[in-house]
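Listed below are the residues making up each chain.
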Amino acid sequence: MQTKIDSIGIIDDDEVFHFTMKIIIRKVSGINTVHQFYDGEQAIEYFKQNAENIHALPELIFLDLNMPYMDGWQFLDEFIELSIKDYQPQVYVVTSSNNQEDIEKSENYQLISGYKIKPISKDDFILILKEAEFN
Amino acid sequence: MNDLTDFFRKLLDTSDWPPRWHCGKWTEFHGWLYIISDLLIWSAYFAIPIIIIRFITRKKHQRFIKLYFLFAAFILACGATHFMDAVIFWFPAYRLSALIRFFTGIISWVTVFYLIKLLPYAFSLKTAIQLDNEIQAGKRMEADLLSINHKLKEAETMGGFGHFEWNIKDNSLLWSDSLRNIYGIPDNIQVKTYDEFISILPPDKQEEARLELDGYVHRKEYKDHYRIFTDKNGIEKTLFARGKVLLDAEGNADKVIGTVQDLTFIKKQQSLLKQSQDTFKNIFDHAAIGMALVGTDGKFIEANEALCNMLGYDKEELKLLNFQVITYGPDLTLDLGYLNEVLDGNMQNYKMEKRYIRKDGSILWTILSVSLVRNEKGKPDFFISQIIDITSRKEQELELTQSRENLDNVFKYSPVGKALVDISGRWLDVNQSLCDMFGYTREEMLNMPLRNMSDAADEQQDKELIQQLLERSINNYRIERKYFRKNGALMWGLCSASIIWNKQDEPLFLILQVIDITENKKLIGQLEEKNHALEYNISQVNEFNRIIGHNLRSPAASLITMSEFIESDESLDNKLFLISKVKDAASAITGTLDDLKEFVDIQLNRKIRLSKTNIKASVQYAINMLKPQMEETGAEIRLDLHVEEVLFPKIYLESMFYNLLSNALKYRSAERKPVITISSGFRDNMDYIIVKDNGIGIDLNKYKNHLFKYKKTFHKGYDSNGVGLFLTKNHLSFFGGSISVESILNEGSSFIIHLKKDETYAN
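Those protein sequences? They're chains H and Z, same order as listed. Okay, so the first sequence: first residue is 0 according to numbering that gives the first Met the number 0, each after it adds one. Okay, so the second sequence: first residue is 0 according to numbering that gives the first Met the number 0, each after it adds one.
It is possible that part of the hints are untrue.
[Said to hold, decoys possible] Computed from the model, here is a short list of chain Z residues facing chain H with C-beta under 7 Å:
hint, residue
1, A72
2, R450
3, N451
4, N544
5, H549
6, A556
7, S557
8, I559
9, S562
10, S579
11, K580
12, Y657
Don't read these hints as lab results, they were simulated from the structure. We put the CB at the ideal spot given by N, CA and C, even for glycine.
With the sequences and hints as input, model every part of the structure.
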């Protein structure tokens, strides 16, 4: 069943990634809302605060792995711990790491819908979006 | 004739003669002598017959009774003549006197003739002594007879037989008392005739008996026979009658005499014998063990099924054989030897282990026991052999012996050191390998207490383990132990021990097996080192990959994205923003590459060598480097050093203290003056250094796994690059050391560093 994705969350410590993604999103999708977090801690704080208000939460999440203070894995663990009611976002790991170690680890998380290696082009993003909307 | 008539007429007439007194010249004396003598004779002659008559009349059944009377008459007559002679002196009746004399003469002659007639008989008469002797002899005979009778009676009673005599003519029957007893006839019933005998028989047997007895008479021949007789008490008796028919002068049957024997007891014995024979046969036939009757020549007379099964022959085949043929050769001599001893009467029976050859040629192991049966004459009759199959037991024994030999050989020649040790720890036996292992001779070894050869530190453990063995809470144990060879060198042994118990469940001794694993230990040590190095290398490679994946690829990916955007139709503002970020990405790449170089340098260890480094000096170096921060924060450094020097490259130790102290200052608590305590010591074969601060602490729940990783930072708002601890950890790891952290938020952190005391595991 296809659902229109209206909001996206980007959790990444890379400023350039945020910048370029915003441009791509604006150009190729109808996504209105982009939540930007520069490390896992920021993101998890936001999810905690809005746990009762799932309309404020992104439907699609791009998650970087290597971040200061709280990395992607730690975020995932805490997010699962939160277990926000009726909230099932599509989570894509978007990272520069092509290490097998990380890929295998990601497969252990049911929550993760896909693992994408940077850089992400416009076309890559369109594909991810289509995939996410179709799921 | 006239004279005769005249004689008798004038018989008492005395007129013809004067009295004697007047005839002739009698003196008074002469006359009276004559008269008195005659009267004495007369009186005597008259007295004798009276006595005789009285004697006769008193004693009856006297022989010669006529003679007595004749004598009496003769003497009376003589007496009468003498009386007449005396009377004639006064009364001269000569005629009467003559008549009396005549009668006397007649009687005398009659007596003479009678005597003559009796003479031969009288001669034959015994004298009184003879008679007396005869009477004595008769009495003796009588006594003998009585005794014989008595003995006969006794014999009859004892022998259980009695005798009878049947007089056919008058049908009278004579039974001995014993016979009455045999038939159990009560005293009040008499059996004195043929008919009375028949009547004591059971009614249904009477006719039969009559025919039988009549038959003997008719045939004049007695037939010995058995008679089953039930007496008044209901006891059934088996009687055996033997007899003879006696004939009279005319050759007719006169008497039947015979004996009857009570065979009840013997019959009973016979039936018991039969019974026991049956029992024997039964046992023989169905015994679980093999049994055979064997002739003195060795031939099988009889064999039971069990034996046939054992030997594989059937009964008939076996009876054609003798035991010699089927005896296993080497056992025959002994068997025959025993057999002859028994035959010679030196032994009653014998028992031996013996092998037979089965029909299929295989060997049958048995225990044979043989006893000899002798016949009535005491001559050997046959043997009874009992044979128990012990083949399987023997095979087991053989196997056991072999396995025991094998065990012995295993003990002797095993490359593993083996020993038997008693419970108190004394050697009972040691094999060559064990001696070689320790470098002692066997004699030295046996005299050397086990504890002199082992590490005293292990003694307690040994005791406990042996106790557990004795309590059977364990069956055996296996431990690595330190031993000392004769030359004092340390030997690592893999020692296993178990207890051998006897049948009474008492511990006999310990079996100790020792394998020298000194060399293995060394090899394992080397292997562990290699493994350690390999693991270390793998972890370093992984770490390297991680750094490339995240820290190098990330800015590179950014650069690619940026260049794409810059080349695209993006707005100028956007392009300018991205261009401004290119430098950041590029320097991130350069910085990471520099760090990686240092990281690789550590691994390659180009110049750095392990050396003894003074802790205090290294701390001092770091303090000097951090002088501005020290002064700014007013931090206090305390030293508590129990180990002054550690084995670690000087520049690494200085760098470590620099990183740890700068962190401690950086993450100090705003609430208190920083106090950093540096202590050192030795524990668990390693030197340790602890750097303890009273700073803000680290949330270990969150960051435990990331603490020493590249470019991991845990505190926002601090200028930290996450490289210092990463490098420190790598420095330590490379030389076999380690670093760990303990921390409580808002109280402080302790970094604990362990360093190798020697170079064993150093790369």
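Right, here's what the structure says about each hint:
no. : hint : in the structure
1   : A72  : violated, 179 Å
2   : R450 : violated, 54 Å
3   : N451 : violated, 56 Å
4   : N544 : holds, 5 Å
5   : H549 : holds, 4 Å
6   : A556 : holds, 4 Å
7   : S557 : holds, 4 Å
8   : I559 : holds, 5 Å
9   : S562 : violated, 10 Å
10  : S579 : violated, 10 Å
11  : K580 : holds, 5 Å
12  : Y657 : violated, 22 Å
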